[in-house]
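> Got chain A sorted already, so can you dock chain B onto it with the hints?
Read off the chains here:
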Amino acid sequence: MASRNRIRPIRKPIINKELSDFEPCWELLRGALTDVHTKNAGHLSFEQLYRASYKIVVNRKGDLLYQRVKEFEETWFRDHVMPRIAELISVNLVTTALIQPPAASAHERREMGEKFLRGIRDVWAEHNTAMNMISDILMYLDRAHTSTTKNPPTWPVTIGLFREHILKTSLGKAATELNYSFVVFDILNAVTLDLINMERDGDIIDRNLVRNITAMLEALYETDDEIENQKLYLTVFEPHYIENSRDFYRRECEKLIRESDAGTWLRHTQRRLDEEQNRCETTISTWTSDKIAKVVQSELFMAKLDDFLSMEGSGLKTMIDNDRVEDLSILYQLICKVDKNKTPLMGPLQSRVLELGLEIEQNLKNTDFSTFSAVAGDADDAAEGGDKAKVLTLSAAAQQTAAAIKWVDDVLQLKDKFDNLWTTCFDQDIMIQSAMTKSFSDFINMFPRSSEFVSLFVDDNLKRGVRGKTEAEVDIVLDKAIVLLRYLTDRDMFERYYQKHLARRLLHGKSDTQTEKWMVLRMKSEMGNHFTSKFEGMFKDMELSRDLTGSYRDHIRNLGDADTAQIDLNINVLTTNNWPPEVMGRSISQEEGTRVDCAYPATIKRLQDSFFKYYLKDRSGRVLTWVTSAGTADIKCVFPKVLGKETGALSKERRYELNVSTYGMIVLMLFNDLAEGESLSFEDIQATTRIPAGDLTRTLASLSIAPKARVLLKNPLSKTIKSSDTFSFNAQFVSKAIKIKAPTITSISKVEGDEERRETEKRNDQTRAHTVDAAIVRIMKQRKQLTHTQLTTEVITQLASRFKPDISLIKKRIEDLLVREYLERVEGESAYRYLA
Amino acid sequence: MLTNGHDNSPSKYITLVSSDGFEFVVLREAAMISPTIKGMLRGQFAEAITGRCQFPEVSGVILEKVVEYFHFWYKNRDKEDVPDMDIPVELCLELLVAADYFGLDSKLLPTTFYKTTQESVVLTFSLAFFALQNKHEIPYSMG
Numbered sequence: 001m002a003s004r005n006r007i008r009p010i011r012k013p014i015i016n017k018e019l020s021d022f023e024p025c026w027e028l029l030r031g032a033l034t035d036v037h038t039k040n041a042g043h044l045s046f047e048q049l050y051r052a053s054y055k056i057v058v059n060r061k062g063d064l065l066y067q068r069v070k071e072f073e074e075t076w077f078r079d080h081v082m083p084r085i086a087e088l089i090s091v092n093l094v095t096t097a098l099i100q101p102p103a104a105s106a107h108e109r110r111e112m113g114e115k116f117l118r119g120i121r122d123v124w125a126e127h128n129t130a131m132n133m134i135s136d137i138l139m140y141l142d143r144a145h146t147s148t149t150k151n152p153p154t155w156p157v158t159i160g161l162f163r164e165h166i167l168k169t170s171l172g173k174a175a176t177e178l179n180y181s182f183v184v185f186d187i188l189n190a191v192t193l194d195l196i197n198m199e200r201d202g203d204i205i206d207r208n209l210v211r212n213i214t215a216m217l218e219a220l221y222e223t224d225d226e227i228e229n230q231k232l233y234l235t236v237f238e239p240h241y242i243e244n245s246r247d248f249y250r251r252e253c254e255k256l257i258r259e260s261d262a263g264t265w266l267r268h269t270q271r272r273l274d275e276e277q278n279r280c281e282t283t284i285s286t287w288t289s290d291k292i293a294k295v296v297q298s299e300l301f302m303a304k305l306d307d308f309l310s311m312e313g314s315g316l317k318t319m320i321d322n323d324r325v326e327d328l329s330i331l332y333q334l335i336c337k338v339d340k341n342k343t344p345l346m347g348p349l350q351s352r353v354l355e356l357g358l359e360i361e362q363n364l365k366n367t368d369f370s371t372f373s374a375v376a377g378d379a380d381d382a383a384e385g386g387d388k389a390k391v392l393t394l395s396a397a398a399q400q401t402a403a404a405i406k407w408v409d410d411v412l413q414l415k416d417k418f419d420n421l422w423t424t425c426f427d428q429d430i431m432i433q434s435a436m437t438k439s440f441s442d443f444i445n446m447f448p449r450s451s452e453f454v455s456l457f458v459d460d461n462l463k464r465g466v467r468g469k470t471e472a473e474v475d476i477v478l479d480k481a482i483v484l485l486r487y488l489t490d491r492d493m494f495e496r497y498y499q500k501h502l503a504r505r506l507l508h509g510k511s512d513t514q515t516e517k518w519m520v521l522r523m524k525s526e527m528g529n530h531f532t533s534k535f536e537g538m539f540k541d542m543e544l545s546r547d548l549t550g551s552y553r554d555h556i557r558n559l560g561d562a563d564t565a566q567i568d569l570n571i572n573v574l575t576t577n578n579w580p581p582e583v584m585g586r587s588i589s590q591e592e593g594t595r596v597d598c599a600y601p602a603t604i605k606r607l608q609d610s611f612f613k614y615y616l617k618d619r620s621g622r623v624l625t626w627v628t629s630a631g632t633a634d635i636k637c638v639f640p641k642v643l644g645k646e647t648g649a650l651s652k653e654r655r656y657e658l659n660v661s662t663y664g665m666i667v668l669m670l671f672n673d674l675a676e677g678e679s680l681s682f683e684d685i686q687a688t689t690r691i692p693a694g695d696l697t698r699t700l701a702s703l704s705i706a707p708k709a710r711v712l713l714k715n716p717l718s719k720t721i722k723s724s725d726t727f728s729f730n731a732q733f734v735s736k737a738i739k740i741k742a743p744t745i746t747s748i749s750k751v752e753g754d755e756e757r758r759e760t761e762k763r764n765d766q767t768r769a770h771t772v773d774a775a776i777v778r779i780m781k782q783r784k785q786l787t788h789t790q791l792t793t794e795v796i797t798q799l800a801s802r803f804k805p806d807i808s809l810i811k812k813r814i815e816d817l818l819v820r821e822y823l824e825r826v827e828g829e830s831a832y833r834y835l836a
Numbered sequence: 001m002l003t004n005g006h007d008n009s010p011s012k013y014i015t016l017v018s019s020d021g022f023e024f025v026v027l028r029e030a031a032m033i034s035p036t037i038k039g040m041l042r043g044q045f046a047e048a049i050t051g052r053c054q055f056p057e058v059s060g061v062i063l064e065k066v067v068e069y070f071h072f073w074y075k076n077r078d079k080e081d082v083p084d085m086d087i088p089v090e091l092c093l094e095l096l097v098a099a100d101y102f103g104l105d106s107k108l109l110p111t112t113f114y115k116t117t118q119e120s121v122v123l124t125f126s127l128a129f130f131a132l133q134n135k136h137e138i139p140y141s142m143g
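Chains as they are written, first to last, in UniProt numbering: chain A, 1 to 836; chain B, 1 to 143.
It should be emphasised that the hints constitute simulated quantities derived from the structure, not laboratory data. Treat the hints with caution; some may be incorrect.
Said to hold, decoys possible - Some chain A residues judged to face chain B by a derived CB distance under 8 Å, without partners named: (1) PHE46; (2) TYR54; (3) MET133; (4) ASP136; (5) ASP806; (6) LEU809.
By construction, the Cβ of each residue, glycine as well, lies at the ideal position given by its N, Cα and C atoms.
In isolation and in its complexed conformation, chain A is listed as follows:
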């Protein structure tokens, strides 16, 4: 091996020979320890001291050094540190802090407490610095010596002196003079907590000082082993702090509930939580953040939550009713922290929705809608145009319609309100949304007429859309209507009403087709295809009819028949299944045998025949029925100059275009053949035209009572039509408008009367029965055999999107199917088998 590769032996140090023995080394160190304690270390060489302790350890005298240092420190502590602390502890301090706290004023207590804490802090700071320096010097001792023996390192032993001989001891005069056992730690806790409570009450305290004290407790451990979770802060101070805070907030909560309202309480709780958070960061320790937050939440917030929420005039009810957005936001934030399910908020919220919903219904019953006649008139052509008698006869229906629209409006307003709260206060919480949806659905379905009312509402808005309202506005309203649809469980009822209302709108051209189609499209995406198939069929009928009318006109023009060309025929061919029976003429719902066609004037009859011929040319085998009650006619009328009138409108010949129902047209045509001054009785008219009495009454009323279109004179002049009345041509008729629309009663979408409603329900129940039948058969065909309960559940699930079938209905349908031998009972079980 080359010589440069030979390992050089360790050369013995030549200098500092004196350091090879223990005593000189210890002497050096002892002097240094004293200097360190007296803050006089600036001249000392760390290297020298370190090397001294290094030498001792290397010379295997570490144990001795350890003992000497320990003895030195204990002596020093007893002689120089403890007396300073003992001086701080006066009898007065102990009495005030531990025995009779309220004896002194807050100011005095604070002064005294802060003085004590400052003393502790200063002594601790010195001790801590000194111990740090000493343990640095003795680093080698700790590393090489104490790690091999069982002794704890010098640092915890020396720093622990503070715990053993100060915190856990009673010191000072008070210990001897008072007949009261305590340790310094008790005073420390009591004084610190007293200061913190003072700050909670609004005083200003020395936060830094308190922070220094808690930092000291964080640095000290229960034992010299320094186990992480055994810090004095955690084992002694924190439990005291939590207990003290619990008391404080319990008292505060009791005070608040006696003297304050819910809004103040919420804000206060919020503020206290922030304060405690802040206190943990600046004054005590962030370790306590979560624990103290829990204390505030449980003592100040949860403890009396229900009491506060049900407070009269400021509780949850008031917050919701008065849109106290801020209160509700705080409430939501706080509850989120405490309860993931938010049950304390959810329950009252739901019941409030329900209450408000039922209130709407209650209001509806209590409101006198005659005061709403302006609104109603706005919604209804007829009421607007009718004279006084008309208003009276119509008012009941019109008021009800107004009520329906008001109900929906109110429900939507309520929905808007809660949606608004949901966005601004509840952070768009999904759970709250579904809870509110459920409550809305509950009260809407508790109201028996909701389906009809929603449809009426849509009807009203679509009609209004034609006049005035901007498209965007209508869109918003319709969007909301769709939302309401989602809540309805009896969707088949809605479908029925919507069909009826849609038919009227389409036939009378009352709404914009684009908007109508868009609405149906929306419903389709909400409820599925089967729901809107009939509506789409209706649109299709209308379109086909338009084409048909066009091609028929071309056909006539090509014939060159000048006579019939004078009447412009606009025809709507409607498929029976798609249109509601009401529109398809009462005849459908009545017995076939009693149906009578009314007598058309000859010109009309010719026109009808001509169209029939044209229509059936390409479509043989179809049956066309005239639905007179659903049609209208535009008639050009000429009113002659009235003799004896030289000025004014009456002095000239007047031409008007009159829009009347088909019945109205038939009736008016009769008067064409009448000589001047002649009249016709009600019975005459009925006999000639064979119009059903009810329709005729309505028709005559619209022509002889409403001032806007009074082209007939009635004798006697009264506001109702009797069969004994006679009618004559009103030659003196004047109108400002050239085009006049005779009010048609059938075109008004109004709330059904009780009888009509029963009729509708009956019809709906029939349809439901069929639907249930179909569902049962479909299920049984697939499953072959099922128990009664299983079958019932399946049926309900299948039909959920349409309506909620009664259990009794299902049972009845099963019985019926058993009789009709679609099903049979399984022997000995409550089960059924499908019979193919």
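Showing chain B alone in chain A's frame:
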């Protein structure tokens, strides 16, 4: 050793003095790897005040190697797969003692550093391994 002395702020550097009077100016942060030097500088002793640390029992040759190690560690402190530092065989025993004196013990090193460099850069260990592998007789006698 003032290799990357672009910043001449005095507090960033300290001076180490060997028994034979060699002076080494070291990046303070690099020297702090040694708990001994760290203790020296954080207290209120003469070294902390002057920023000058004298080592009457460490020769210039050894101190140079120790200082080289400080910078080697500092340069590679965030790296992985760091190669061993070149250690002259003839110095290894003296270096072992010096490493002990300076507290360069694996247990005292930051765990991240220990993890990334494994035993390779830990001076005490590598020296001990070296000595054992080469079956040198260790003339180790203190005092």
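> Now tell me if each hint is right for this structure.
Each hint tested on the structure:
1. Because the closest C-beta pair between A:PHE46 and chain B is about 4 Å apart, less than 8 Å, the hint holds.
2. Of the supplied interface hints, the one on A:TYR54 holds, with its beta-carbon coming within about 7 Å of a beta-carbon of chain B, less than 8 Å.
3. Because the closest C-beta pair between A:MET133 and chain B is about 4 Å apart, less than 8 Å, the hint holds.
4. The criterion of a C-beta within 8 Å of any C-beta in chain B is met by A:ASP136, whose closest approach is roughly 3 Å, and the hint holds.
5. For the restraint placing A:ASP806 at the interface with chain B, the shortest Cβ-Cβ distance is roughly 73 Å, beyond the 8 Å limit, so the hint is violated.
6. Residue-level restraint check for A:LEU809 is violated (minimum Cβ-Cβ distance to chain B is 75 Å; threshold 8 Å).
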